[in-house]
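Peer 1: Given only the sequences and the hints, what does the whole structure look like? Please build it.
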Amino acid sequence: MHDKEKQLVQSYMNGNISRRGMLRGLASMGVTAATASVLVNAAATEALAQNGFDWKKHSGTTVKLLLNQHPYADAMIANLENFKALTGMDVVYDIFPEDVYFDKVTAALSSGSSEYDAFMTGAYMTWTYGPAGWIDDMNEYINDPAKTNPDYDWEDMLEGVRNSCAWNGQPGGALGSDDAKQWCIPWGYEQNNLSYNGRMFKEAGLSVPKNIDELVATAAEAKAKIDGTYGIGVRGSRSWATIHPGFLSGYANFGEKDLNLASDGKLSAAMNTDTSRMFHEKWVQMIQESGAPDWSTHTWYQAGTDLGAGKSAMIFDADILGYFMNGGDNAEAGNLEFAPFAANPDAAAPTPNIWIWSLAMASAGKQKDATWYFLQWASGPEHGLFGATQMDFVNPVRKSVWADAGFRERLDSSYPGYVDMHDLSAPGAKIHFTAQPLFFDLTTEWAAMLQKMVAKEVPVDEGLGQLEDSVNRQLKEAGLG
Amino acid sequence: MHKASVLERTLRGIALTLVIFFFMFPIFWIFLMSFQTNETILRVPPSMIFEPTLTNYRSLISGTLEGSTATLEIRFMSNLYNSLFLSVTSVTVGLLLGVPAAYAFAKLKFRGSEDIAFTLLSFRFAPPLLVLLPLTIYFQKIGLADTYLGLIWVYQLIVLPLILWIVRGYFEDIPSDIEYAHRIAGHGFWSTFTKIALPLAGPGIAAAGLLAFIFAWNNFIFALVLASADKQPVTVGALAFITASGINYGQIAAGIMLSIAPTFALALYAQRYLVEGLSLGAVKG
Numbered sequence: 001m002h003d004k005e006k007q008l009v010q011s012y013m014n015g016n017i018s019r020r021g022m023l024r025g026l027a028s029m030g031v032t033a034a035t036a037s038v039l040v041n042a043a044a045t046e047a048l049a050q051n052g053f054d055w056k057k058h059s060g061t062t063v064k065l066l067l068n069q070h071p072y073a074d075a076m077i078a079n080l081e082n083f084k085a086l087t088g089m090d091v092v093y094d095i096f097p098e099d100v101y102f103d104k105v106t107a108a109l110s111s112g113s114s115e116y117d118a119f120m121t122g123a124y125m126t127w128t129y130g131p132a133g134w135i136d137d138m139n140e141y142i143n144d145p146a147k148t149n150p151d152y153d154w155e156d157m158l159e160g161v162r163n164s165c166a167w168n169g170q171p172g173g174a175l176g177s178d179d180a181k182q183w184c185i186p187w188g189y190e191q192n193n194l195s196y197n198g199r200m201f202k203e204a205g206l207s208v209p210k211n212i213d214e215l216v217a218t219a220a221e222a223k224a225k226i227d228g229t230y231g232i233g234v235r236g237s238r239s240w241a242t243i244h245p246g247f248l249s250g251y252a253n254f255g256e257k258d259l260n261l262a263s264d265g266k267l268s269a270a271m272n273t274d275t276s277r278m279f280h281e282k283w284v285q286m287i288q289e290s291g292a293p294d295w296s297t298h299t300w301y302q303a304g305t306d307l308g309a310g311k312s313a314m315i316f317d318a319d320i321l322g323y324f325m326n327g328g329d330n331a332e333a334g335n336l337e338f339a340p341f342a343a344n345p346d347a348a349a350p351t352p353n354i355w356i357w358s359l360a361m362a363s364a365g366k367q368k369d370a371t372w373y374f375l376q377w378a379s380g381p382e383h384g385l386f387g388a389t390q391m392d393f394v395n396p397v398r399k400s401v402w403a404d405a406g407f408r409e410r411l412d413s414s415y416p417g418y419v420d421m422h423d424l425s426a427p428g429a430k431i432h433f434t435a436q437p438l439f440f441d442l443t444t445e446w447a448a449m450l451q452k453m454v455a456k457e458v459p460v461d462e463g464l465g466q467l468e469d470s471v472n473r474q475l476k477e478a479g480l481g
Numbered sequence: 001m002h003k004a005s006v007l008e009r010t011l012r013g014i015a016l017t018l019v020i021f022f023f024m025f026p027i028f029w030i031f032l033m034s035f036q037t038n039e040t041i042l043r044v045p046p047s048m049i050f051e052p053t054l055t056n057y058r059s060l061i062s063g064t065l066e067g068s069t070a071t072l073e074i075r076f077m078s079n080l081y082n083s084l085f086l087s088v089t090s091v092t093v094g095l096l097l098g099v100p101a102a103y104a105f106a107k108l109k110f111r112g113s114e115d116i117a118f119t120l121l122s123f124r125f126a127p128p129l130l131v132l133l134p135l136t137i138y139f140q141k142i143g144l145a146d147t148y149l150g151l152i153w154v155y156q157l158i159v160l161p162l163i164l165w166i167v168r169g170y171f172e173d174i175p176s177d178i179e180y181a182h183r184i185a186g187h188g189f190w191s192t193f194t195k196i197a198l199p200l201a202g203p204g205i206a207a208a209g210l211l212a213f214i215f216a217w218n219n220f221i222f223a224l225v226l227a228s229a230d231k232q233p234v235t236v237g238a239l240a241f242i243t244a245s246g247i248n249y250g251q252i253a254a255g256i257m258l259s260i261a262p263t264f265a266l267a268l269y270a271q272r273y274l275v276e277g278l279s280l281g282a283v284k285g
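Respectively, the protein sequence lines represent chains F and U. With our numbering applied, the first sequence corresponds to residues 1 to 481, in that order. With our numbering applied, the second sequence corresponds to residues 1 to 285, in that order.
Where hints are given, some of them may not hold.
Away from chain F, derived, C-beta distances all over 12 Å, residues of chain U [to be verified]:
| # | residue |
| --- | --- |
| 1 | F25 |
| 2 | F31 |
| 3 | A101 |
Which stretches of chain U does chain F cover? Using the computed rule of at least three CB atoms under 8 Å from a CB of chain F, they are [said to hold, decoys possible]:
| # | segment |
| --- | --- |
| 4 | 11 to 23 |
| 5 | 32 to 41 |
| 6 | 245 to 259 |
Don't read these hints as lab results, they were simulated from the structure. Ideal Cβ placement from N, Cα and C applies to all residues, glycine included.
Peer 2: Next up, the structure:
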């Protein structure tokens with residue numbers, strides 16, 4: 001970095017000039033915005049090196065990562081040189097497409113392979129990996145001041161997100177309880193809310209729905225008024241992933257649960273209640289009237305692609321899915337807007353269920369302290385801010401990043417409603433499922449039952465009864481019920 | 001000789017056109033998609049009129065994809081090379097091992113030959129994942145994990161039974177009298193195998209090799225579990241275009257066109273052997 005550029009970046013770091021002023025100054029020196037952000041992060045990393053922590057302790061060590069092909073991984077790779085300069089460590093990685101990623105992770109972990117030191121995972125997956133002894137409890141690193149740099153600031157992580165990655169291993173045990181093990185470190189996360197096509201809504205004179213009844217009505221109206229478009233995109237494939245986004249977020253907003261935990265620790269199905277029946281009926285009606293014609297095949301990809309291509313008027317799904325579809329070469333890029341959604345008209349705020357891309361440490365790894373150096377850097381505030389402001393490392397899991405004016409300004413200008421949606425939803429955002437080892441089996445069966453209800457193969461009340469019986473039987477067979 | 005009437009020829013022509021259209025249209029549509037951007041591919045209603053672009057092929061061949069916030073690395077050509085290398089090498093090894101073995105099973109009846117042949121065939125019955133986890137552990141212990149050698153070895157689970165059982169049928173169809181005549185003329189066992197049996201079973205061996213190549217090319221679970229990202233075949237690499245931030249249909253289409261090219265060319269070249277070989281092998285005298 002030349003002296004003049006360095007001085008300018010340092011002035012910004014010291015708070016003497018605004019970000020815009022710094023970028024303008026760097027631009028006049030022929031520095032592009034992308035290079036400027038790397039320079040800023042390099043300065044932040046230099047500052048990190050001065051905090052008294054021995055960052056060079058594992059210099060010369062190589063850490064190997066298993067990564068999912070994802071914008072979060074891209075953001076990390078773009079900033080990786082700064083980590084190498086800070087620590088003198090090397091980082092190599094294998095990236096696999098998401099479609100096969102978890103097969104690769106499961107094979108690597110279950111075979112006891114020491115090839116990968118750390119890997120990306122979802123919090124749900126740790127309910128299998130943790131009790132199996134495949135991953136380490138991160139508390140022993142986070143709470144050790146000799147291993148964790150003083151600026152890491154674990155408490156800066158959003159509480160609901162942080163707790164959602166911690167479980168005591170007891171079926172039905174509350175996430176984030178005092179005896180919970182921190183199976184993974186949150187990296188980036190998704191809330192489930194409304195992403196809608198602002199252009200279409202304006203042209204058709206539609207208003208943003210505020211509860212489940214309005215959602216059903218608005219979706220039907222959108223389908224009727226907008227040619228070649230269906231009203232609402234929600235997932236429908238026979239998979240656990242159909243239940244966890246919009247469906248469970250709306251369901252939980254009525255105070256409903258997936259499973260009951262009795263005082264003797266036994267679990268039982270909780271979805272056959274009057275309120276649950278009412279919610280299921282409305283959800284099924286919404287899909288029948290205004291969902292995608294091929295709803296039962298819809299996954300993340302179809303729900304997102306249709307919104308981006310203008311084939312659907314809105315989605316009740318991950319906020320970052322709408323975020324991604326508002327860019328790139330999507331036909332509706334720039335037209336999408338965002339809104340918080342509380343399905344229950346009596347609820348004070350939304351209660352989105354969340355998906356958390358996290359980082360976990362393989363128990364079979366041979367260089368755990370060095371791996372923790374990488375993990376604390378990758379999940380630290382400096383990299384979080386870099387990724388959120390310069391790349392698509394959204395949604396950040398740190399409060400400090402959400403408080404950053406530059407980040408909020410960026411989101412506000414290009415993603416209308418996103419910041420407000422997040423702020424309103426974050427307090428109620430967490431994993432609303434009951435942590436237990438049959439999670440994937442039971443939620444997949446729930447999705448299969450939804451398919452039958454939508455296809456009118458079984459009435460909702462009868463379907464819920466069948467689902468309850470089946471869930472209870474499986475829990476009993478597994479010794480959990 | 002029966003001469004087809006005009007009506008008969010016309011009907012036959014229409015029928016052939018319909019069949020060709022039915023089978024070739026998906027490939028033709030993917031070919032068109034490979035020259036379009038996502039925006040034109042996803043427009044409603046779909047249209048065949050568009051401004052063609054070579055961006056998709058350029059991204060795949062150059063290995064970089066320009067995203068909205070970053071330039072991403074694409075390993076598609078390396079995946080293609082891996083597929084080609086793994087398939088060709090595995091089939092070559094499979095032919096070298098399988099053809100002599102098939103001859104032995106066909107011509108040299110020995111105790112337990114049927115059991116051994118069936119055991120080899122049973123490798124095809126086992127679900128790959130059932131075999132792969134124990135294999136991963138063994139491979140790590142003996143240093144074969146994440147090596148091309150290890151993968152080629154495991155690929156024999158796909159190609160060897162196929163080659164052995166198809167080629168065995170051919171050798172059984174060759175009348176032993178021809179081989180005896182050659183032996184009586186003073187030639188040895190090896191000469192009989194190479195000069196008589198191999199040429200007569202040629203179409204069958206070609207068909208078996210081609211089929212084994214297609215099966216090896218289409219496999220993805222073995223490399224996925226046993227190797228790291230730099231050794232993945234095109235079947236895994238093609239999934240890289242389905243990303244959290246969207247499906248890159250244009251690149252998927254271009255990837256399909258590039259990845260079917262070797263098998264398509266091979267099948268076109270060898271289709272005579274394939275049809276002849278498979279049909280002859282299926283009929284036992």
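Peer 1: Are the hints correct? Go through all of them and say.
Peer 2: Verification of the hints:
{"no.": "1", "hint": "F25", "result": "holds, 20 Å"}
{"no.": "2", "hint": "F31", "result": "holds, 20 Å"}
{"no.": "3", "hint": "A101", "result": "holds, 31 Å"}
{"no.": "4", "hint": "11 to 23", "result": "violated (count 0)"}
{"no.": "5", "hint": "32 to 41", "result": "holds (count 3)"}
{"no.": "6", "hint": "245 to 259", "result": "holds (count 3)"}
Of the numbered hints stated above, the single one contradicted by the structure is hint 4.
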